[in-house]
Amino acid sequence: MGATFQIDFGHKKAARVVGIDLGTTNSLVAYMDVSSPRVIPGEDGAKLVPSVVTYTEGGEIVVGHAAREYLLTQPHRTVYSVKRLMGRGIADVQEELKWFPFQIAEGSESVIRLQLGERTFTPPEISAFILRQLKKNAELHLGEEVKQAVITVPAYFNDAQRQATKDAGRIAGLEVMRLVNEPTAAALAYGLDKRKEGIVAVYDLGGGTFDISILKLHEGIFEVLATNGDTHLGGDDIDNLLLRIALEDVASEWGVDVSSDHEAVQRLRRAVIQAKEELSFVPFTHIEVQYRGRRYQRRIDRELFEKLIAPVVERTLGPCRNCMIDAGVKPEQIDEVVLVGGSTRIPMVRAAVEKLFRTRPHTELNPDEVVALGAAVQGAILSGDIEDKLLLDVTPLSLGIETMGGVVSKLIHRNSTIPASAAETFTTAVDGQRNVLIHVVQGERELARDCRSLARFDLKDIEPMPAGMARIEVRFLIDANGILNVTARDLRTGKEQSVEVKPSYGLTDEQVEAMIRESIELAEADFRERQVREARVEADAILAAVEKAKQNEAWLELSDAEREAVDEAVNKLLLAYHCDDHLLIRAQIDALNQATLKLAETMMDTAVRAALKGTKI
Amino acid sequence: MDTCWQCGSSSGDSLFCKLCNALQRPTPDYYRFFGIPKRLSLDAKELQRRFYELSRILHPDRFLQRAPTEQRYSLEATSILNDGYRVLRDPVLRAEYVLKEAGFEVAGQRSRDVPPELLEEVFELNMALEELRAGDQEARSQLEEARAKFIKLRDEMDRDLQALFEKYDASGDRAVLGEIRNLLDRRKYIQNLVVEVDKETGV
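Those protein sequence lines, which keep their order, are chains R and C.
If you want our numbering, it's the position in the first sequence, counting the first as 1, plus 6.
If you want our numbering, it's the position in the second sequence, counting the first as 1, plus 160.
These aren't lab readings, by the way, just hints derived from the structure by calculation.
All values reported here derive from a predicted model rather than from experimental measurement.
Among the hints, a few may not be true.
FRET-style restraints, in silico, Cβ to Cβ [claimed, not checked]:
| id | chain 1 | residue 1 | chain 2 | residue 2 | range |
| --- | --- | --- | --- | --- | --- |
| 1 | C | K178 | R | D394 | 22 to 28 Å |
| 2 | C | D320 | R | R44 | 54 to 60 Å |
| 3 | C | E298 | R | K104 | 43 to 49 Å |
| 4 | R | H224 | C | P188 | 25 to 31 Å |
| 5 | R | I522 | C | R314 | 53 to 59 Å |
| 6 | C | R314 | R | K202 | 34 to 40 Å |
| 7 | R | K501 | C | R249 | 32 to 38 Å |
| 8 | C | V274 | R | H224 | 40 to 46 Å |
| 9 | C | D162 | R | N328 | 42 to 48 Å |
| 10 | C | D320 | R | G412 | 36 to 42 Å |
| 11 | C | E304 | R | E312 | 34 to 40 Å |
Yeah, the Cβ is synthetic: ideal placement off N, Cα and C, and Gly gets one too.
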C-alpha cells in the first residue's frame with residue numbers, strides 16, 4: 007500500500023501515538039498499522055480490558071479480567087465504573103454511590119477518595135492503573151516503549167472531567183497528546199477509507215455516558231456541527247433497573263434482603279448483565295444465580311425488557327433533537343448514522359435511532375472497538391503519518407463568568423469550534439484593591455449556582471490605585487482538548503498579570519506530581535508475583551467454568567476424544583498452577599480455552615435451540 | 161514590517177516566515193487574518209473556503225512535532241480563526257465587530273432602552289406576558305400574534321441592514337456606521353422580546 011520508494015527528505019520518524027478508549031465498562035488500546043487501525047490484545051488475548059481495579063489484601067494492584075473476579079471475593083477493595091466519578095465531587099454522585107460496594111473516604115468534597123483497605127485512591131489514580139495496563143499491553147505487542155497517547159472522553163464531559171482524564175494519563179506515565187471526543191473518534195474510524203461527504207450523526211450509548219454528535223464531512227475535514235448528551239446515562243442504568251427487580255424477587259423468595267451483601271449483589275449484577283446481553287439476540291432468557299446453596303431464577307422476555315428500558319431509551323432522544331436544532335439540520339438532511347457503545351446492540355435502541363434519524367444506522371464496525379480505532383487514527387494524524395484528515399471539534403458546554411447577583415455572563419457559547427477564546431476586561435471596585443476574584447462556570451443555565459463551577463481565578467498583586475482605574479484583560483481559551491486556559495494582562499502596563507487558579511473539582515499540579523511518584527512505586531512492587539497471582543485468578547475462573555459446563559448436556563454430546571482432550575488440558579493447567587511461572591499458566595489457560603471451543607459452541611447451540619423452541623434450558 | 165521570531169528575517173504580513181517557514185505570531189484582526197477585504201457584506205462561500213484552508217494548515221494537530229513557540233502560535237492562530245469565522249459569518253456579529261473596531265460603543269446583551277416607535281407594542285406585550293404568567297391561556301394567541309409581528313419586523317431590519325452594509329462598503333462613510341449601530345440596537349431589543357415570548361410560551 008502506498009508508494010514503495012518514497013524518499014524521506016530528512017523527516018525524522020515521529021514517535022508512535024497510540025489511541026486509548028478509557029471506557030466506563032471496558033478499555034481498549036489501538037494503534038495505526040500500515041493503512042488501518044488495529045486493536046491491541048492483552049496477554050490473555052482479549053481486546054477488551056474490563057475497567058476494574060483491585061487493591062488486594064496483599065497490597066497489589068490488579069486490573070482487568072482478573073480484577074473482575076475480585077469483585078466477588080474482595081468487593082470492598084475493587085473499583086468498577088470509575089469513569090462515573092472522574093472530575094466530580096461527592097455531592098454529584100450520591101445516586102451511584104448507593105450501588106458501589108467500596109467506601110468513600112473523608113474529605114471527598116472536591117475530589118472523591120475511595121477507601122480500599124488501608125489506602126485511599128482518587129479516580130484519576132484508579133484510571134491510571136487501567137491506562138498503565140493498556141500501555142503495557144501495547145508495549146508487549148509492539149515491542150517498543152509507548153509514551154504518547156490519544157485518550158478519548160465523552161463529548162459531553164466538562165472541563166473538570168477532561169482534566170481528570172488528562173491527570174490519569176500523566177499518572178500512568180503517558181504524555182496525553184490529545185483528548186478526543188468519543189463520537190468524533192468513531193466518525194473518524196468510519197470515514198477513514200471512504201471518501202465520504204455529507205452529514206453524519208454519531209449515537210454513542212456506552213456503559214455510563216450518552217453522547218450524540220452531528221458532523222459535516224468535507225474533503226477530509228471532520229467538522230463537528232453540534233454535540234449533546236448526558237454524562238449520567240448508559241448501560242449501567244439498564245443494569246440497575248434489572249438489578250432492582252432481581253433484588254426484590256430475592257427478598258421475597260428467600261426472605262432476606264441481600265442488597266447490602268456485596269457478593270450477592272455482584273453475582274446478581276453479573277447475571278442481569280448476561281441476561282441483558284442475551285436479550286439482544288434471543289426473544290427471552292433467564293436471570294439465574296446460585297448463591298450459598300440458594301438458587302434464584304426468573305424468566306425475562308424482550309417485551310418486558312423493552313417496557314423496562316423504554317424510559318432510558320427515551321432519555322437519549324431529547325439530546326438528539328436538541329443536537330439537530332443546534333447543528334441546524336433536519337432529520338432528512340442526515341446522510342448517515344453511526345452507532346457506538348455496547349448498549350447500541352439492543353434492538354430497541356437501534357429501532358429508536360432509525361426512527362428518529364430516518365436512516366438505517368451503520369453497524370459494520372464493532373461498537374465496542376470503533377472509538378479506540380478512531381483514537382488510533384487521530385494518533386496517526388498527530389504524529390504526522392496521516393496528513394489529509396483533520397478533526398474540528400466543539401466545546402459541549404457554554405463557558406461563562408459569574409457577575410452581579412450570581413447571574414452568568416456567557417463568554418464562549420456551546421458548540422463553538424475549539425480552540426475558541428474570549429477576552430473580558432476587569433477592574434477594581436474599591437480604592438487600593440489588590441485582588442480580583444473571577445468565578446468561571448460551565449453550563450447553559452442563567453444562574454451561576456445552577457451551572458458547574460470550574461474554578462476561581464484570583465488576579466493577584468494588582469497595583470493599588472483608585473477604584474475603577476485598573477484595567478486587567480483576562481483571556482479565556484478553550485484548547486483543542488476542550489480544556490480551559492486562562493491568562494491575564496494589565497492593559498495599562500502591558501505586563502502579564504499573575505493568576506492563581508483554584509479548581510473547584512480536581513487535583514492540583516502538586517497532587518498529580520505526588521501521585522505519579524506513588525504510582526510508580528506501587529506499579530513496580532512485586533510485579534512478577536502479581537503476574538503469577540493474576541494468572542492463577544484467571545485459571546480459577548476458567549477451571550470453575552469448565553467444571554460447571556460439564557454438568558451441561560452439551561458435555562455428553564461431545565465425542566470421547568473431545569472430552570478427553572478437555573480433561574487433559576484441565577490436568578495440565580492444574581499442574582502449571584503451582585509453578586511460579588505466569589507464562590506457563592497462561593499458556594495452559596490458552597490450551598484449555600482451545601480444547602473447550604467445541605463445548606462452548608455446543609452449549610450455545612443448545613441454548614439457542616432451547617430458546618427458540620420456547621423450552622426451559 | 162515584522163521580523164521572524166526564529167530566523168530574524170523580515171516575515172512581512174504572512175502566516176509563515178518566507179525564509180525558514182516558521183509559523184509567525186498571528187494578527188488578531190479577523191479580516192486581515194482571513195485575507196479578505198474589510199467589507200461588511202461578504203461572500204459566505206469564500207469565507208468558508210478560507211476557513212477550511214486555514215484550518216488545514218494552522219490547526220494544533222499539525223504542530224505537535226514542531227517547536228513549542230510554533231505550538232503556541234498555532235493554538236493562538238486557530239482560536240482567532242475559529243472566533244473570526246464565528247463572527248464574520250454572522251451578519252450581526254460581523255457588524256458589531258466592525259463597529260467596535262471603528263470605536264463605536266456596542267450595547268451589551270441586555271439592552272433595555274425601548275425604541276420609541278415600539279413603546280405601545282412592548283407595553284401590550286408585557287401585559288399579555290403578565291396575563292399568561294397569571295394563568296390566562298387566552299393571552300397565548302395574543303402572544304403568538306405579537307411574536308409573528310416581531311419576527312416580521314426583524315426580517316425587515318435584516319434587509320435594511322444588508323442595504324446599509326452595501327452603502328457603507330461603497331462610501332466608507334462613518335455616519336452609515338452610526339445608522340447601523342442604531343439599527344442593531346433596535347434589532348437586539350426585538351430579538352430579546354422574541355426570546356422572552358418563546359420562553360414563556362414554552363416553544
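Status of each hint after checking the structure:
1. C/K178 x R/D394: 22 to 28 Å: holds, 25 Å
2. C/D320 x R/R44: 54 to 60 Å: holds, 59 Å
3. C/E298 x R/K104: 43 to 49 Å: This hint holds: roughly 47 Å between Cβ atoms.
4. R/H224 x C/P188: 25 to 31 Å: holds, 27 Å
5. R/I522 x C/R314: 53 to 59 Å: At 56 Å between Cβs, range holds.
6. C/R314 x R/K202: 34 to 40 Å: holds, 37 Å
7. R/K501 x C/R249: 32 to 38 Å: holds, 35 Å
8. C/V274 x R/H224: 40 to 46 Å: The hint (40 to 46 Å, Cβ to Cβ) holds, given that C/V274 and R/H224 are roughly 44 Å apart.
9. C/D162 x R/N328: 42 to 48 Å: Since the Cβ atoms of C/D162 and R/N328 sit about 45 Å apart, the hinted range of 42 to 48 Å holds.
10. C/D320 x R/G412: 36 to 42 Å: holds, 38 Å
11. C/E304 x R/E312: 34 to 40 Å: holds, 38 Å
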